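Peer 1: Read top to bottom, the protein sequences are chains A and B.
Take 607 as the starting number for the first sequence in this note's numbering and just add one per residue.
Take 36 as the starting number for the second sequence in this note's numbering and just add one per residue.
Take these hints with a grain of salt, some might be off.
Derived Cβ-Cβ restraints for the label pairs, each shown as a range [what the hints assert, rightly or not]: (1) B:Thr504 - A:Asp718: 21 to 29 Å; (2) B:Asp362 - A:Asp718: 15 to 23 Å; (3) A:Gln738 - B:Ser599: 31 to 39 Å; (4) B:Asp386 - A:Asp718: 43 to 51 Å; (5) A:Val631 - B:Ala401: 21 to 29 Å.
To be clear, the hints were calculated from the coordinates, so they are not data collected in a lab.
Here the structure is a predicted model, which means the values were calculated and not measured.
All C-beta atoms in this analysis are idealised placements derived from N, C-alpha and C, irrespective of residue type, glycine included.
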Amino acid sequence: MAFEPKIVGFLCNWCSYTGADLAGVSRIKSAPNVRIIRTMCSGRVDPTFILKAFQLGADGVIVMGCHLGDCHYQDGNFKTIRRIPFLKRLIQGFGIDSRRLRLEWVSASEGDRFAKVVNEMTEEIRGLGPLQLYVHKVALNAGQHEMAE
Amino acid sequence: MVTINIDGKSVEVVEDTTILKAAEKAGVWIPTMCHSEYCEPYGVCRLCSVEVVRGKRSRIVTSCNFPVRGGMTVHTNSEKIRWLRKTIMELMVSRWPNVKVVRDMAERLGAGKPRFVSLERDEAENACILCGTCVNMCNDVVKAGVLGFAHTGIQRKVVLPFDERSDQCIVCGACAHVCPTGHIRMILEDYRGKKAEFTLGPKTPIYVPTLQAVPRVPVIDTASCIHFQTGGCETCANVCEPNAINFKMEDEFVDIEVGQVLVTTGFDLFDAGKMAQYGYGRLDNVYSSLEFESILNSTGPTGGKVVLKNGKEPRAVGIIHCIGSRDVNHHPYCSRVCCMYALKFAHLVRDRTDAAIYQFYIDMRAFGKGYEEFYNRLLDEGITMIRGKAAEVVEGAWSGNGEPSLKIRCEDTLIGKFREIPVDMVVLCNAMEAREDSDVVKRLFSVSKSPDGFFLERHPKLDPTSTSTDGVFIAGCAQGPKDIPDTVAQASSAAARILSLISKGEVEIEPIRAMVQEEYCSGCKICNGLCPYGAIEFVTEKNVSHVNEALCKGCGTCVAACPSSAMTGHGFSDAQILAELNGLLV
Chain A
607 MAFEPKIVGF
617 LCNWCSYTGA
627 DLAGVSRIKS
637 APNVRIIRTM
647 CSGRVDPTFI
657 LKAFQLGADG
667 VIVMGCHLGD
677 CHYQDGNFKT
687 IRRIPFLKRL
697 IQGFGIDSRR
707 LRLEWVSASE
717 GDRFAKVVNE
727 MTEEIRGLGP
737 LQLYVHKVAL
747 NAGQHEMAE
Chain B
36 MVTINIDGKS
46 VEVVEDTTIL
56 KAAEKAGVWI
66 PTMCHSEYCE
76 PYGVCRLCSV
86 EVVRGKRSRI
96 VTSCNFPVRG
106 GMTVHTNSEK
116 IRWLRKTIME
126 LMVSRWPNVK
136 VVRDMAERLG
146 AGKPRFVSLE
156 RDEAENACIL
166 CGTCVNMCND
176 VVKAGVLGFA
186 HTGIQRKVVL
196 PFDERSDQCI
206 VCGACAHVCP
216 TGHIRMILED
226 YRGKKAEFTL
236 GPKTPIYVPT
246 LQAVPRVPVI
256 DTASCIHFQT
266 GGCETCANVC
276 EPNAINFKME
286 DEFVDIEVGQ
296 VLVTTGFDLF
306 DAGKMAQYGY
316 GRLDNVYSSL
326 EFESILNSTG
336 PTGGKVVLKN
346 GKEPRAVGII
356 HCIGSRDVNH
366 HPYCSRVCCM
376 YALKFAHLVR
386 DRTDAAIYQF
396 YIDMRAFGKG
406 YEEFYNRLLD
416 EGITMIRGKA
426 AEVVEGAWSG
436 NGEPSLKIRC
446 EDTLIGKFRE
456 IPVDMVVLCN
466 AMEAREDSDV
476 VKRLFSVSKS
486 PDGFFLERHP
496 KLDPTSTSTD
506 GVFIAGCAQG
516 PKDIPDTVAQ
526 ASSAAARILS
536 LISKGEVEIE
546 PIRAMVQEEY
556 CSGCKICNGL
566 CPYGAIEFVT
576 EKNVSHVNEA
586 LCKGCGTCVA
596 ACPSSAMTGH
606 GFSDAQILAE
616 LNGLLV
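Turn these sequences into a full structure, and let the hints steer you where they fit.
Peer 2: So, in structure tokens, the structure goes:
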């Protein structure tokens with residue numbers, strides 16, 4: 607069976623989530639691999655969420671927000687653009703390829719851009735293969751034990 | 036006040052008035068050539084010469100600049116003067132035989148065939164007659180100082196500095212306006228990039244904004260007004276009797292506190308010059324829709340008559356739909372209103388002229404009340420409907436007649452043939468598009484734009500007048516192309532929403548808010564500076580931060596930044612998001 611990447615997407619409510627909605631309403635075909643978590647602003651995305659996502663088994667994480675200057679909350683996305691690129695470099699130290707974390711700006715009217723970004727990322731992660739972290743195996747084993755109990 | 040006698044008539048004038056002005060008051064005509072109402076008298080043509088008798092002495096002076104003195108007697112039509120005038124005109128005719136103002140004046144003053152042969156004879160109809168009005172306008176009135184005279188005697192001519200284009204020239208057109216022979220012309224060099232002007236015909240820097248402006252008061256465009264560029268002119272203020280013109284007026288910036296905003300910034304018309312194949316801006320008699328509206332309007336440049344540039348009635352008019360809309364190269368959307376106003380144009384042209392009328396359409400969109408019935412009525416009026424978007428507009432000459440006109444090349448898809456339709460006038464149905472500065476407005480009010488460039492409504496069906504930002508509403512063509520009934524309906528709906536919120540007296544806000552758990556807060560104040568709304572304040576007595584719930588909009592930036600996890604967000608707390616992650620992945 608072909609490897610289907612598990613990608614978690616953090617989308618800001620006003621721009622990128624609406625853009626994703628537009629892609630859906632417009633029936634644009636896009637890969638189903640991005641699982642979306644909605645936050646009010648991309649500035650809400652705590653780097654620990656991203657690390658937790660990788661820990662829980664995500665093969666890739668994408669953060670999407672409004673274009674710079676267009677943030678619904680004025681400058682939330684400026685905070686994002688400070689955090690995510692730094693995190694990208696940081697995760698390399700954990701053995702996670704920096705291409706597995708991606709930051710994109712998608713506006714409310716860019717349904718086709720959302721689809722394009724999702725498709726591109728899915729293919730890239732598919733090429734990179736599943737994320738193998740030592741921590742994974744431990745956590746998963748622990749989880750299985752818990753479920754068994 | 037002094038009294039003088041002109042040709043036997045007594046007239047009382049203010050001292051130091053010129054004889055010319057006094058003669059005007061007395062109803063006596065004195066010919067002039069170099070005189071202009073805009074400038075100070077120049078006195079070079081000598082045509083206005085009159086005989087002044089004072090006591091026993093009689094002299095010939097130029098009436099345009101000679102001041103009156105009490106008791107003066109002036110003869111404007113004595114034999115000496117008549118001979119003088121004829122000679123002057125003969126001199127002028129010998130040099131400029133084909134200039135209209137010279138010939139007309141020569142005829143009026145009875146000058147016959149000239150006795151002279153000029154060494155500088157100029158046969159042009161628009162030759163420069165060296166009246167100097169342009170130079171005086173440019174130097175004294177406009178104060179740009181670009182034109183001047185060079186050389187002396189017979190070589191004298193009007194020149195630009197070093198005979199080159201001048202950067203000082205502010206292109207005000209004053210010289211072209213006052214030139215009596217048409218020697219100086221204003222030429223539009225490059226159409227590209229020029230915003231379409233919807234009131235055809237010359238427009239001065241002081242103008243009434245639109246044909247039906249309320250209040251109907253002129254405004255001054257400071258960008259093109261001479262006074263604001265050189266400090267000169269002020270001709271309008273000089274002639275305004277109630278002294279209503281105040282050049283010192285400045286923009287006033289007023290701060291008004293409001294709770295809600297209704298954005299109705301309208302639309303821009305697609306610039307048909309971007310589609311070179313239709314000849315807009317290049318060929319004569321090709322009009323955009325709004326230009327044609329101003330032609331049809333009874334207060335427009337032609338008084339409502341449908342005429343070509345040369346004043347004649349067109350023999351055939353072509354109306355081309357979908358210029359810039361339903362077009363992958365420009366705007367894919369349909370501009371909604373064009374089919375109906377194209378039918379309206381056809382109806383009015385049929386009403387006012389005998390021209391043959393052709394409509395080039397893709398689909399006929401007659402969607403509203405009475406619209407389809409109107410379309411059927413037009414079919415009965417004998418308008419030719421050609422289903423096929425016109426490919427191009429070219430110059431063509433109608434066979435037999437030989438007069439230059441236009442030709443529309445199209446494909447008639449209903450009969451499956453290519454056709455060339457000869458017309459005299461082409462009217463384009465330009466698309467409505469979002470305003471050029473809509474990005475600026477968008478940032479100001481935190482609204483989004485839909486893919487077609489117009490402002491995004493909260494929900495296309497259930498909430499077309501709100502935006503995703505509370506308190507900001509949109510209506511009219513700012514939200515998308517629409518006609519008048521729809522705009523009125525939408526505007527009323529937006530106004531009603533706003534009024535209902537105002538009358539409620541209180542506002543319901545979303546419960547998504549940040550909150551500080553004071554036991555965990557270390558007082559680092561990182562969050563204080565992050566908030567774009569300044570909603571976080573530091574409470575020094577307790578050494579913790581505190582969120583003002585009225586100001587907080589719930590973006591969560593502070594929550595993400597808090598190093599102690601003291602800040603949480605109602606609705607988007609860390610625990611909630613981590614639970615979502617668990618659900619997605621495990």
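Peer 1: Is 31 to 39 Å a correct range for the gap between the Cβ atoms of glutamine 738 (chain A) and serine 599 (chain B)?
Peer 2: Distance hint for glutamine 738 (chain A), serine 599 (chain B) holds at roughly 33 Å.
Peer 1: Quick check: does the Cβ-Cβ distance between aspartate 362 (chain B) and aspartate 718 (chain A) fall within 15 to 23 Å?
Peer 2: holds (18 Å)
Peer 1: Quick check on a hinted range of 21 to 29 Å for threonine 504 (chain B) and aspartate 718 (chain A), using CB atoms only.
Peer 2: holds (24 Å)
Peer 1: Given the hint of 43 to 51 Å, check if aspartate 386 (chain B) and aspartate 718 (chain A) actually sit that far apart at their C-beta atoms.
Peer 2: holds (46 Å)
Peer 1: In this structure, is the beta-carbon distance linking valine 631 (chain A) and alanine 401 (chain B) contained in 21 to 29 Å?
Peer 2: holds (28 Å)
Against the hints set out earlier in the document, no violation occurs for any number.
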